[in-house]
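Enquirer: Each chain, letter by letter, is given below.
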Amino acid sequence: MRYAFLALLAVAPAHGYELKQALEQRFGTALAPLNAGQVYTTLARLERDGLVLGADVPDDGRQKRIYELTPAGRAALETWVATPSPGTKLRDEFFLKLVFAAAGGIDSSGAVIDRQRRATLQALRDVTSVTANGNDAASLLADGTALHLEADLKWLELCEQRLNRKDTR
Amino acid sequence: MSTVLSASVLSTRGLAKTYASDGVEVLALRGVDLDVSAGEFVAVMGPSGSGKSTLLHLLGGLDRPTAGTIELDGRPVEKLSERDWAILRRSRIGFVFQFFNLVDNLTVAENVELPARLIGTSARDARTRREALLSRLGVSARANALPSQLSGGQHQRVALARALVNRPCVLLADEPTGNLDSGSAAEVVSLMRQLRDEGQTVVLVTHDARVASAADRVISMRDGLVVDETALVDGEHPSAVVSQLLQLEA
Chain W
1 MRYAFLALLA
11 VAPAHGYELK
21 QALEQRFGTA
31 LAPLNAGQVY
41 TTLARLERDG
51 LVLGADVPDD
61 GRQKRIYELT
71 PAGRAALETW
81 VATPSPGTKL
91 RDEFFLKLVF
101 AAAGGIDSSG
111 AVIDRQRRAT
121 LQALRDVTSV
131 TANGNDAASL
141 LADGTALHLE
151 ADLKWLELCE
161 QRLNRKDTR
Chain G
170 MSTVLSASVL
180 STRGLAKTYA
190 SDGVEVLALR
200 GVDLDVSAGE
210 FVAVMGPSGS
220 GKSTLLHLLG
230 GLDRPTAGTI
240 ELDGRPVEKL
250 SERDWAILRR
260 SRIGFVFQFF
270 NLVDNLTVAE
280 NVELPARLIG
290 TSARDARTRR
300 EALLSRLGVS
310 ARANALPSQL
320 SGGQHQRVAL
330 ARALVNRPCV
340 LLADEPTGNL
350 DSGSAAEVVS
360 LMRQLRDEGQ
370 TVVLVTHDAR
380 VASAADRVIS
390 MRDGLVVDET
400 ALVDGEHPSA
410 VVSQLLQLEA
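Taken in order, these protein sequences are the chains called W and G.
If you count the first sequence from 1, position 145 lands on 145 in this note's numbering, and the numbers rise without skipping.
In short: position in the second sequence from 1, add 169, done, that's this note's numbering.
Okay, chain G solo, but in the shape it has when bound (with noise of 0.2 Å):
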């Protein structure tokens, strides 16, 4: 591995929550104790209703904890306000979802701008760093189209460039292949790795083993509980993996 880890980026203890539903509660996160390094990519893994797609509402503060805290950049982010989250959630904080990704009316350059302007970048740099980004992701070309103009993979390529704009410390991934053809899919996780390389934080949230085994470790989670995680290493010797699948017997 070419990337030395350093302290969490993203750490929880104890994490719970708790949903009243129909008058009937319902423990979706049971006590989850997690911690993401700095450079490190992480995949979560679990069926529905496993409680994954529930702990990364809770770590990028789209909900709130019953009980535990989180650390975001080693301060306690657990108890802050709904106005202090939002502005992290902007400043530190990358988010790609599913579906909803862009502003439907901006273009493809307004949609990535737009996180910058939010936090007060200039009309400058948010442009220089809108145009490093969609080059960096192969979508440079369509800049001025509208969402509804690109195809699913360009879309989540569109919606990972804005999600980045403002380098946040760790990127957030919500199932962002679950709409794509495999092709497309295959080649957001391969920038996703790319970005990974290049330093990015990413925790991705995924039923989709083949999307999670491109992670440095998975994450396994069963009803609201992490049950098991393993680390994942790059073949040393890739070809001898392929070349073990035909067998020629005499």
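Pulled out of the complex, with its shape left as it was, chain W reads as follows (with noise of 0.2 Å):
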């Protein structure tokens, strides 16, 4: 949440509540539900580290803080974007499961490869149906999960192939 924020206030200034709302503006449903406390505590460690400036203004007889960015802030800001991001990882914990199912006697690698495909086929069906709807940012995220399910499926293929399922089932 720190960059979002971060990158938020580099339009304008605005206080905790607004940043909440642009981010829920902007995802619409792809983005997990914010509370309030998570909000609060990355503006809090956001201005510790510099990186945002709070000011208390009077809002209705109340008083709100409103953050604005610092230059240490933009320069943070700047270096993120400009970093490549490291790669998607791979399922680890099932390829712990693949090599370890069928040395512990537990199961075939052929039951744990037929299980993660299942799997994998509804989850890209349950992605899929939502690539279509409406808001921007929410189906290019859920066609990059696609792609990535798909990817998984070749890959759980390319296990089974090497594996050899005829010996292992």
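Don't read these hints as lab results, they were simulated from the structure.
Just so you know, even glycine gets a beta-carbon here, dropped at the ideal spot from N, CA and C.
Treat each hint with caution, since some may be false.
Claimed, not checked - If we take Cβ atoms under 8 Å as the criterion, some of the chain W residues that face chain G in the derived model are:
| hint | residue |
| --- | --- |
| 1 | Asp107 |
| 2 | Leu121 |
| 3 | Ala146 |
Build the complex from these two chains, which are given one at a time in their own frames, with help from the hints.
Expert: Now the structure itself:
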């Protein structure tokens, strides 16, 4: 959430509730619900680190803390944007199951692959059902997830071939 | 699920196909038992050479099995003559392929009406059905176009209309999205879902997992055998799936 807030504050100063709303508007249903506590914790840490500056202003008889981006905050944001993100990691938990199920005599690798394929196909079905739904950010995310799931299925096929399922079932 | 599935429209037992290729026997299909219920949408997936297209061709009588039985609408069909298969294909089975779906020198309207006319449907009825189908599939405006003037997505919609004009008991589709961009592929798949919702039985062969995931059931084939199958359901809370995509930590 840190960098999302820095990016929003690069546009204009805002208070916590406005930032929360702006994120919810941008990502729609793609965003896991944010709680107010998370929002204020994040802002407090950003302020502690000197990346934003808060100032209390009166609002309808109450105090509101308005945040703005500091030069250090802008630099942090620019560095973040300029740094390539680490690639998505493979499903190492599945891989451990695959390696150890047969080795430990618990289940065949074919059965482990079958279960994973069924679950992945269902996940693909779920995620495909929302790719068409309005919100651009949400559907782009869903499309990205679908592509990863398709890659998972291809990998399962490869695992199956290499492990020669006839011998392992 | 909205549709109550009834008896099998299509079923096979021990279906096998052996090809001779350069004097070597190739076991394309090694004993497949399959049951497709009325109104069900089944996807068959597998790598190339797994036997999925061979299976579809046997189901549609485009090729003959070496062993095993096929029942279509409760009637054994594996021993039908070439002539009887041709009649059956025209009247009871709809086909959509990746390529070569339409007759090049006929208009869209003529292409769609042709199968109906071939089984003796009156010109008037054929026209009524064609108009309804083209409208249903969103290509009414292209009725007078030639196939060469259609986009890939339109071409497959017209192919669907043509496959459906005789109200087949089963629609067989072999990689129908294989030649389409992802947007057109998604549209064709969504149309097949809708047809299924209207009661059309569909058997789809594809190597594309996203396409297959639209089906009620996905069958996985390897080396001429069915190795696994799974029923898929519409998520009860699809939005919950997307809401988990973006998790912002404090």
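Enquirer: Look at each hint and say if it fits the structure.
Expert: To see whether the hints hold, each was checked on the structure:
1. Asp107: With a minimum Cβ separation of about 14 Å from chain G (threshold 8 Å), the hint on aspartate 107 of chain W is violated.
2. Leu121: It holds, given that the least Cβ distance between leucine 121 of chain W and chain G is near 5 Å, below 8 Å.
3. Ala146: At 6 Å from the nearest chain G Cβ, alanine 146 of chain W passes the 8 Å test, so the hint holds.
Hint compliance for this structure: hint 1 alone is broken.
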